[in-house]
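There are 2 protein chains.
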Amino acid sequence: MHGLHLTADLHDCRCEAFWLVDAERVGEQCLQAVHAAGLQPVARLFHSFAAAGPGPSGFTATVLLAESHLCLHTWPELGAVTLDVYVCNFGADHSAKAEALMETLVALFQPGHVERHALRRGQKAGSPATVPAA
Amino acid sequence: MHGLHLTADLHDCRCEAFWLVDAERVGEQCLQAVHAAGLQPVARLFHSFAAAGPGPSGFTATVLLAESHLCLHTWPELGAVTLDVYVCNFGADHSAKAEALMETLVALFQPGHVERHALRRGQKAGSPATVPAA
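Chains as they are written, first to last, in my numbering: chain S, 1 to 134; chain B, 1 to 134.
FYI, nobody ran anything at the bench for these hints, they're computed from the structure.
Among the hints, erroneous ones may be present.
[To be verified] Some chain S residues judged to face chain B by a derived CB distance under 7 angstroms, without partners named:
hint, residue
1, L31
2, S68
3, C71
Even for Gly, the Cβ is constructed at its ideal location relative to N, Cα and C.
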């Protein structure tokens with residue numbers, strides 16, 4: 001269950017407007033990016049929100065991976081997007097693939113500003129990084 | 001898009017075995033917990049993994065929320081679960097609801113050890129916490 005969870009919060013997105021409102025089109029791009037990164041999609045769910053006012057409304061796109069998940073939320077009224085790419089390292093270290101996928105997704109939206117975080121998951125605090133020989 | 005993203009990585013889960021393998025049953029519990037916390041589910045996706053060996057295999061459950069999402073991955077062979085609860089604070093501060101939901105989900109699995117993190121999302125670094133008067 002050890003893994004890497006990357007987040008990126010995108011501000012001032014300068015992409016064409018449809019990238020922030022068209023769940024199906026962006027979802028398909030997410031799937032292509034997952035394949036290109038060498039990760040394995042197993043299920044997907046795209047949800048468009050009903051407009052609450054006169055402007056466009058956002059969507060959520062999630063792709064479940066054999067290696068964990070990606071999730072994307074858009075706020076077209078703010079020109080903003082949040083991205084999560086989480087991979088567990090079961091069988092192999094997928095960290096580089098997660099980073100490549102995140103870079104592809106960030107680039108879609110052409111953000112003026114990005115806040116990034118990376119969290120190592122599944123490791124008990126105080127656990128030794130390596131198990132000493134008996 | 002400002003919000004709170006809570007993570008919890010659960011080790012040494014002492015719950016009954018079905019909690020780590022039955023995606024539909026746990027997914028229904030997730031939905032009930034979302035409602036009980038006062039959050040609004042808009043879509044759901046549960047995926048059970050095929051067994052790779054003789055032991056039980058895990059699942060992923062995600063519930064998309066009007067306020068963002070929750071996601072849960074299980075590793076029955078390790079007695080482990082990872083949980084994400086992410087709420088944006090559009091219209092109101094949903095942080096207390098996110099914390100209540102996370103507590104309910106953690107309790108389902110009776111973990112012996114939990115690693116928790118909380119990430120404030122969507123705020124530009126260097127942005128003032130309050131806007132000064134003109």
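Hint check results:
Interface restraint check: S/L31 against chain B, minimum CB-CB distance 14 angstroms, threshold 7 angstroms, status violated. Nearest Cβ of chain B to the Cβ of S/S68: about 6 angstroms, under the 7 angstroms cut. The hint holds. Annotation: S/C71 was flagged as interfacial toward chain B, and the flag holds, the nearest CB pair being 6 angstroms apart, inside 7 angstroms.
Hint compliance for this structure: hint 1 alone is broken.
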